[in-house]
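There are 2 protein chains.
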Amino acid sequence: MRAELLAVGDELLFGDIVNGNAAWLGRQLADVGVELTTSTVVGDNVEMIAARVREALGRADTVILTGGLGPTQDDLTREGIALAAGVALRRDPFLEAALRRRFQALGRQGPVGAGFEAPEMNYRQADLPGGAEPLPNEVGTAPGIRLETAGGVVYAMPGVPGEMYPMFTGSVLPDLLRRAGEPAVVVHRVLRTAGVWESVVAQALAGEVDRLAPVGNPMIAFLASGGQTRVRISARAGDRAEARRLIEPVEEAARAALGIALYGVDDDTLEGTVLRLLAERGETLAVAESMTGGLVAGRLTDVAGASAVFRGGVVSYATEAKESVLGVDPDVLATSGAVSPEAAAAMAAGVRDLLGATNGLAVTGVAGPDEQESKPVGTVHIGMVGAFGTLTRSLRLPGDRRTNRIYAVVQALDALRRTLSVHTC
Amino acid sequence: MRAELLAVGDELLFGDIVNGNAAWLGRQLADVGVELTTSTVVGDNVEMIAARVREALGRADTVILTGGLGPTQDDLTREGIALAAGVALRRDPFLEAALRRRFQALGRQGPVGAGFEAPEMNYRQADLPGGAEPLPNEVGTAPGIRLETAGGVVYAMPGVPGEMYPMFTGSVLPDLLRRAGEPAVVVHRVLRTAGVWESVVAQALAGEVDRLAPVGNPMIAFLASGGQTRVRISARAGDRAEARRLIEPVEEAARAALGIALYGVDDDTLEGTVLRLLAERGETLAVAESMTGGLVAGRLTDVAGASAVFRGGVVSYATEAKESVLGVDPDVLATSGAVSPEAAAAMAAGVRDLLGATNGLAVTGVAGPDEQESKPVGTVHIGMVGAFGTLTRSLRLPGDRRTNRIYAVVQALDALRRTLSVHTC
Numbered sequence: 001m002r003a004e005l006l007a008v009g010d011e012l013l014f015g016d017i018v019n020g021n022a023a024w025l026g027r028q029l030a031d032v033g034v035e036l037t038t039s040t041v042v043g044d045n046v047e048m049i050a051a052r053v054r055e056a057l058g059r060a061d062t063v064i065l066t067g068g069l070g071p072t073q074d075d076l077t078r079e080g081i082a083l084a085a086g087v088a089l090r091r092d093p094f095l096e097a098a099l100r101r102r103f104q105a106l107g108r109q110g111p112v113g114a115g116f117e118a119p120e121m122n123y124r125q126a127d128l129p130g131g132a133e134p135l136p137n138e139v140g141t142a143p144g145i146r147l148e149t150a151g152g153v154v155y156a157m158p159g160v161p162g163e164m165y166p167m168f169t170g171s172v173l174p175d176l177l178r179r180a181g182e183p184a185v186v187v188h189r190v191l192r193t194a195g196v197w198e199s200v201v202a203q204a205l206a207g208e209v210d211r212l213a214p215v216g217n218p219m220i221a222f223l224a225s226g227g228q229t230r231v232r233i234s235a236r237a238g239d240r241a242e243a244r245r246l247i248e249p250v251e252e253a254a255r256a257a258l259g260i261a262l263y264g265v266d267d268d269t270l271e272g273t274v275l276r277l278l279a280e281r282g283e284t285l286a287v288a289e290s291m292t293g294g295l296v297a298g299r300l301t302d303v304a305g306a307s308a309v310f311r312g313g314v315v316s317y318a319t320e321a322k323e324s325v326l327g328v329d330p331d332v333l334a335t336s337g338a339v340s341p342e343a344a345a346a347m348a349a350g351v352r353d354l355l356g357a358t359n360g361l362a363v364t365g366v367a368g369p370d371e372q373e374s375k376p377v378g379t380v381h382i383g384m385v386g387a388f389g390t391l392t393r394s395l396r397l398p399g400d401r402r403t404n405r406i407y408a409v410v411q412a413l414d415a416l417r418r419t420l421s422v423h424t425c
Numbered sequence: 001m002r003a004e005l006l007a008v009g010d011e012l013l014f015g016d017i018v019n020g021n022a023a024w025l026g027r028q029l030a031d032v033g034v035e036l037t038t039s040t041v042v043g044d045n046v047e048m049i050a051a052r053v054r055e056a057l058g059r060a061d062t063v064i065l066t067g068g069l070g071p072t073q074d075d076l077t078r079e080g081i082a083l084a085a086g087v088a089l090r091r092d093p094f095l096e097a098a099l100r101r102r103f104q105a106l107g108r109q110g111p112v113g114a115g116f117e118a119p120e121m122n123y124r125q126a127d128l129p130g131g132a133e134p135l136p137n138e139v140g141t142a143p144g145i146r147l148e149t150a151g152g153v154v155y156a157m158p159g160v161p162g163e164m165y166p167m168f169t170g171s172v173l174p175d176l177l178r179r180a181g182e183p184a185v186v187v188h189r190v191l192r193t194a195g196v197w198e199s200v201v202a203q204a205l206a207g208e209v210d211r212l213a214p215v216g217n218p219m220i221a222f223l224a225s226g227g228q229t230r231v232r233i234s235a236r237a238g239d240r241a242e243a244r245r246l247i248e249p250v251e252e253a254a255r256a257a258l259g260i261a262l263y264g265v266d267d268d269t270l271e272g273t274v275l276r277l278l279a280e281r282g283e284t285l286a287v288a289e290s291m292t293g294g295l296v297a298g299r300l301t302d303v304a305g306a307s308a309v310f311r312g313g314v315v316s317y318a319t320e321a322k323e324s325v326l327g328v329d330p331d332v333l334a335t336s337g338a339v340s341p342e343a344a345a346a347m348a349a350g351v352r353d354l355l356g357a358t359n360g361l362a363v364t365g366v367a368g369p370d371e372q373e374s375k376p377v378g379t380v381h382i383g384m385v386g387a388f389g390t391l392t393r394s395l396r397l398p399g400d401r402r403t404n405r406i407y408a409v410v411q412a413l414d415a416l417r418r419t420l421s422v423h424t425c
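Protein chains in written order, with full-length UniProt numbering: chain C, 1 to 425; chain F, 1 to 425.
Treat each hint with caution, since some may be false.
[What the hints assert, rightly or not] According to the in silico footprint, chain F covers these stretches of chain C (three or more CB under 8 Å from chain F):
id	region
1	9-20
2	164-176
3	239-253
4	295-303
5	306-314
6	347-357
[As the list claims (entries may be wrong)] Derived, one-sided and incomplete: chain C residues facing chain F with beta-carbon distance under 7 Å:
id	residue
7	Arg27
8	Ala30
9	Pro369
These are computed hints drawn from the structure, not numbers from a lab. Note that the structure is a prediction, hence the values are computed from the model and not measured. Think of the CB as a built atom: it goes at the ideal place given N, C-alpha and C, for glycine as much as any other residue.
Chain C with its partners taken away, still in its complex shape:
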């Protein structure tokens, strides 16, 4: 089965938002082995939408639309599909009644106040192209659409991810799979690395790729983002077990080649791995940050349940705070400066003591755009204090302020991860 995606909306075309829906749907379709060959974005224009739907159906068995199902005048997906299929729009009385009940409930309980009457234009969401079936929307007001046409089946879903995801999983995907019969299954295995550049990872695996995956099944892809590199091994087979058997030897060879750079697989995160390593040791963590300004703590607390391990942190942005709050020796600041390995080590020790944690992690450096203490932009010093003693790591990042801060967060978390992995207790 061949599918195409068609996202509708001027806000996508003009770059007000990125097309994250296409990325999400691309992953879902790849996971079930539906072949996706083209993904298109079109503006809020009935004729253009209709033309792109017709073209997509000429190339693929199904086209999956997102966006343009809302109540306002620029929501034109319903009209575009109807035009493409050569049918008229009709208002569905059951959908209309459901919308009316929903708006009345809002008027009674909701934030808009009692006596609220939804503007008439809201009931456009009860319109369907002739012959179409509505797809239930458990979250928002706009139902989805499924329409069988001569050229293939058309699905349309709202553009809001929170409404689209459950509609795809609950309605569109089961319908697609039913039609596809027994598709080939694609299984992915993602190996996650940090602290090494993509080209180094790729080079480390170059020989293995040619040896173990010469015919493109399994396939290996290298994906770098946010200072980390993922190695994705994908295999296509008749069932999941067979696909996993194809992946196994490649994964084994890749693991050997990556060594300690490998921190996890699939949905693992670097911050989750650090917290897990600490939990396994029965230890806790406190962090002190200057150049990363709270982002290391912010990343760790992204993880639900971080409080079992993470005690807290100090953002010592003003240099005096390093002394007054973290107790860094003023001699260290005067001699080596606030951006130095010595300051990083003292900050780590200070925050560990202040928050009563087993381990302290600290980052100081120069994010940019200007140098600081005559130290160049990109300078980073990481300090670590724990049962392993006191360690520092210094590096120089090549990016701008934003990139340097993100990479410094990754490097700090990865430095602690490597230290905890090597110094087992």
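With chain C fixed as given, assemble chain F onto it according to the hints.
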């Protein structure tokens, strides 16, 4: 002039990365009034690339490709363009020599080590479709391509944003503008609001939209993301001054309707506005965070020069840290709990004193997924201490852990912004 975008790459189609290049190019084209009607993503397949190029040229005057220009076997944009245009690829001796010099320099100085010989496949980057001109790449190794065809002009640029942005601005855009003659100019004005929902902003402006922009020029769009809502007023005219004259009365009416919800325009940020308000008062700020775990501090320190105003912060993730580091009265924690307006106010006062700042801002709450102290997920209490006295603001957010944390950051910064705006010194 009508343009289409065509991004090449399995990694885009399968959702490994989002198509940020299309968003960026969409903004650039909209800004100069080039009409963009369709944007497409196609996988790493020569025939597919060629087919999409031909289709795009059938609809538009130019097609701008990104991606697929690298050295590896799956970089097939060169071949795809050649197939679409019915020409052969030829190796450009000047490009090849330049690549050879570049790789030799890498071998001498670079991280790959002395004696490095670039694999032969790298010289595929010196191939050009017959009749094409190379576009200089100041950053990376792959040159861009410009090819005049019967159907229109084809541009191809690397997919790496750091290489593509300067190539577009330096080579593609000037060439496009030269061809377009004197295009209509589109001017945008963005009004930025925080602390109100998109629907409330839209409702506040509904009457004005119909009255001032009935014919779609200027046009008003509402764009909600990350807990903030932007109102974009766009006008198309013969020159920028005329476009600005069209925008002016709509902007004035919108400003009046938005009131204090409006925090800035165009590229202003909420965090930058908070820092500017503090700098104007000659004041400083310290923040204490639990549920946001460092993200408020992280957002403030995104701004270069934040150190003039921002002293630092404490992430008091463990409840004991609120007492031991911030000096919150244990009676407050015992009576009201760590998630309470009283705790938020005490945290704000504590961090202000600890870091010697003029103002303290604190956030405590329940991000989720589980309730805490029997308080429901989404509970947020914001505390503010400054020359204006002590203020708290409590709210209930409807999202999951990730959304609640992002929205809490925005609500905390916005609460302080509104307070500083109202309590002028």
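Results of checking the hints against the structure:
no.: 1; hint: 9-20; verdict: holds (count 11)
no.: 2; hint: 164-176; verdict: violated (count 0)
no.: 3; hint: 239-253; verdict: violated (count 0)
no.: 4; hint: 295-303; verdict: holds (count 7)
no.: 5; hint: 306-314; verdict: holds (count 7)
no.: 6; hint: 347-357; verdict: holds (count 3)
no.: 7; hint: Arg27; verdict: 4 Å, holds
no.: 8; hint: Ala30; verdict: 5 Å, holds
no.: 9; hint: Pro369; verdict: 5 Å, holds
Checked against the numbered hints given earlier, the structure breaks hints 2, 3 and satisfies all the rest.
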